[in-house]
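Chain F is fixed; fit chain Y onto it per the hints.
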Amino acid sequence: MSLTQDTFAFVADVVRRRSAIQLEAGKEYLVESRLLPLARDAGHAGVDAYIRDVRAARREADLVEIVEALTTNETSWFRDNTPFSALRTHVVPTLRAERPVLDTLRVWSAACSTGQEPYSLAMTLSDVLGPGARFDITATDLSEHVLAQARSGRYSQLEINRGLPAPMLVRYFQRNGHDWQIADELRRTITFQKHNLLDAPPAGPFDLVFLRNVLIYFDLETKRSILSRVHRVLRPGGFLVLGAAETTIGVDGDWERVPVERGSVYRPVKPGAVPTPRAAPGAVTGTVPAVPSPAFPATTRPSFARPATTLPTTRPRPTSPAGPAFEQGVTR
Amino acid sequence: MRALVIDDSRTMRRIVAGALEELGFTTLQAGDGQQALDVLEQEGEVDLACIDWNMPVMDGLTFVTRVRANPEWRNITLMMVTTESEHGQIVRALAAGAHEYLIKPFTPDAIRDKLDLLGLIPAEEPV
Numbered sequence: 001m002s003l004t005q006d007t008f009a010f011v012a013d014v015v016r017r018r019s020a021i022q023l024e025a026g027k028e029y030l031v032e033s034r035l036l037p038l039a040r041d042a043g044h045a046g047v048d049a050y051i052r053d054v055r056a057a058r059r060e061a062d063l064v065e066i067v068e069a070l071t072t073n074e075t076s077w078f079r080d081n082t083p084f085s086a087l088r089t090h091v092v093p094t095l096r097a098e099r100p101v102l103d104t105l106r107v108w109s110a111a112c113s114t115g116q117e118p119y120s121l122a123m124t125l126s127d128v129l130g131p132g133a134r135f136d137i138t139a140t141d142l143s144e145h146v147l148a149q150a151r152s153g154r155y156s157q158l159e160i161n162r163g164l165p166a167p168m169l170v171r172y173f174q175r176n177g178h179d180w181q182i183a184d185e186l187r188r189t190i191t192f193q194k195h196n197l198l199d200a201p202p203a204g205p206f207d208l209v210f211l212r213n214v215l216i217y218f219d220l221e222t223k224r225s226i227l228s229r230v231h232r233v234l235r236p237g238g239f240l241v242l243g244a245a246e247t248t249i250g251v252d253g254d255w256e257r258v259p260v261e262r263g264s265v266y267r268p269v270k271p272g273a274v275p276t277p278r279a280a281p282g283a284v285t286g287t288v289p290a291v292p293s294p295a296f297p298a299t300t301r302p303s304f305a306r307p308a309t310t311l312p313t314t315r316p317r318p319t320s321p322a323g324p325a326f327e328q329g330v331t332r
Numbered sequence: 001m002r003a004l005v006i007d008d009s010r011t012m013r014r015i016v017a018g019a020l021e022e023l024g025f026t027t028l029q030a031g032d033g034q035q036a037l038d039v040l041e042q043e044g045e046v047d048l049a050c051i052d053w054n055m056p057v058m059d060g061l062t063f064v065t066r067v068r069a070n071p072e073w074r075n076i077t078l079m080m081v082t083t084e085s086e087h088g089q090i091v092r093a094l095a096a097g098a099h100e101y102l103i104k105p106f107t108p109d110a111i112r113d114k115l116d117l118l119g120l121i122p123a124e125e126p127v
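Same order as they appear, the protein sequences are chains F and Y. Heads up, the first sequence is in our numbering, so the first residue is 1 and it goes up one at a time. Heads up, the second sequence is in our numbering, so the first residue is 1 and it goes up one at a time.
Excised from the complex, chain F in its bound form (with noise of 0.2 angstroms):
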């Protein structure tokens, strides 16, 4: 059974106005894939009359279901993996080098999910760093379903199976019941916030942000928005890891691609620099403040700053969590 347009159209306008994100013509079939269990639930055959149903009951929690249903998305440990093996390789090799002294690094988790990419981000950040390592960790969502799971830190042997490397299991992770917990330590180390990409962002600066597969939902205006909020949070020198298939190239030109393995990384072009000329035409400059906001000055975070010298020297490391190099972090 198909939806009706007047379905279709009414959960479009919904999730349009409440997240930004476009459901064009064509996406009836994720509309009623995505929703059918909410109907179900709610006593009703099918999404056309749970929708009905929604229109006259004008309940604030079924539209918060409704957007939460169509813009929660399935998520795995290490997605992708280059960006994890970029901040091994060129992130944090770069950022050591660039500040004379690196105090905790500051990293913003944007459209977190269930949590996965966040805890990805502590474990290689634990690993890299090496021990003392300080850093702290924003993550953010917009639905408070998928932030709660993410707390809780505890994941099905399903989930586990999804791309979480097994030295990092053994590790990171003991059984409870049927179910993996993740360790204290870096559940520690992340703060859970729901956070709607289109408010202000969360208090920064930071000295990464990661906005992946995100920026492909919206359309060009609110891609560029978005951006120079971020922007705004990114110290200078810091980076920002877009999904695989996305890029700011030809929606904000405040920014460059720094060529690091095949991921999307880029990083705010130098105050006074030639503006890059890969930015579409039309595009909107000179609105977006090319330093962090003084809003959030460095001096009023908390300070862990010490000598670059007491810093733990980098081990060796193999350049990506695969391959027979890595067993050394397994027998411990």
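I should point out that these hints are in silico values taken from the structure, not numbers from a laboratory. No experiment lies behind these values; they were computed from the predicted model shown. Beta carbons are placed, not taken as given, at the ideal position from N, Cα and C, and that holds for glycine. There's no promise every hint is true.
Unchecked claim - Here are the in silico distance ranges between beta carbons for each label pair: (1) Y/E22 x F/A148: 30 to 38 angstroms; (2) Y/D47 x F/A183: 32 to 40 angstroms; (3) F/R134 x Y/S9: 45 to 53 angstroms; (4) F/K27 x Y/R2: 37 to 45 angstroms; (5) Y/P71 x F/A25: 58 to 66 angstroms; (6) F/D219 x Y/P56: 54 to 62 angstroms; (7) Y/P56 x F/P93: 30 to 38 angstroms; (8) F/V64 x Y/S85: 33 to 41 angstroms; (9) Y/I121 x F/D219: 29 to 37 angstroms; (10) Y/E22 x F/R175: 24 to 32 angstroms; (11) Y/G88 x F/L220: 50 to 58 angstroms.
As the list claims (entries may be wrong) - If you want a taste of the chain Y side facing chain F, the calculated C-beta under 7 angstroms gives, among others: (12) D47; (13) L94; (14) E100; (15) I103; (16) F106.
Using the frame of chain F, we list chain Y on its own:
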């Protein structure tokens, strides 16, 4: 690329081999660890072995140990594919030389994710 699928269940061999073939592998099969060693002797090195733990004649852990003891087979990537899911067993398999560990049941996507980690999936060009 070539993969060896080792499992005493023919159905499970078919499922794993099917998922690997979807990803572009050619596959060989063996019903236990000893048969798998024989296949390697005859057919030469493979890129990947997917190994069940509990099998008659020679179990998967013994197979892993035997492969890792032979320098000629050092380039074979070894992935356990098993219902054994205790923390300590995963540690044992990794210590014996397995590179990855996939717990049954799994989805075909899970095989793909693991092979991606192991660098056994061809790179996709950014769009």
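Consistency of the hints with the structure:
{"no.": "1", "hint": "Y/E22 x F/A148: 30 to 38 angstroms", "verdict": "holds, 35 angstroms"}
{"no.": "2", "hint": "Y/D47 x F/A183: 32 to 40 angstroms", "verdict": "holds, 33 angstroms"}
{"no.": "3", "hint": "F/R134 x Y/S9: 45 to 53 angstroms", "verdict": "holds, 49 angstroms"}
{"no.": "4", "hint": "F/K27 x Y/R2: 37 to 45 angstroms", "verdict": "holds, 40 angstroms"}
{"no.": "5", "hint": "Y/P71 x F/A25: 58 to 66 angstroms", "verdict": "holds, 60 angstroms"}
{"no.": "6", "hint": "F/D219 x Y/P56: 54 to 62 angstroms", "verdict": "holds, 60 angstroms"}
{"no.": "7", "hint": "Y/P56 x F/P93: 30 to 38 angstroms", "verdict": "violated, 50 angstroms"}
{"no.": "8", "hint": "F/V64 x Y/S85: 33 to 41 angstroms", "verdict": "holds, 36 angstroms"}
{"no.": "9", "hint": "Y/I121 x F/D219: 29 to 37 angstroms", "verdict": "holds, 32 angstroms"}
{"no.": "10", "hint": "Y/E22 x F/R175: 24 to 32 angstroms", "verdict": "holds, 31 angstroms"}
{"no.": "11", "hint": "Y/G88 x F/L220: 50 to 58 angstroms", "verdict": "holds, 53 angstroms"}
{"no.": "12", "hint": "D47", "verdict": "violated, 12 angstroms"}
{"no.": "13", "hint": "L94", "verdict": "holds, 4 angstroms"}
{"no.": "14", "hint": "E100", "verdict": "holds, 5 angstroms"}
{"no.": "15", "hint": "I103", "verdict": "holds, 6 angstroms"}
{"no.": "16", "hint": "F106", "verdict": "holds, 5 angstroms"}
Consistency with the previously given hints fails for numbers 7, 12, ordered from lowest to highest.
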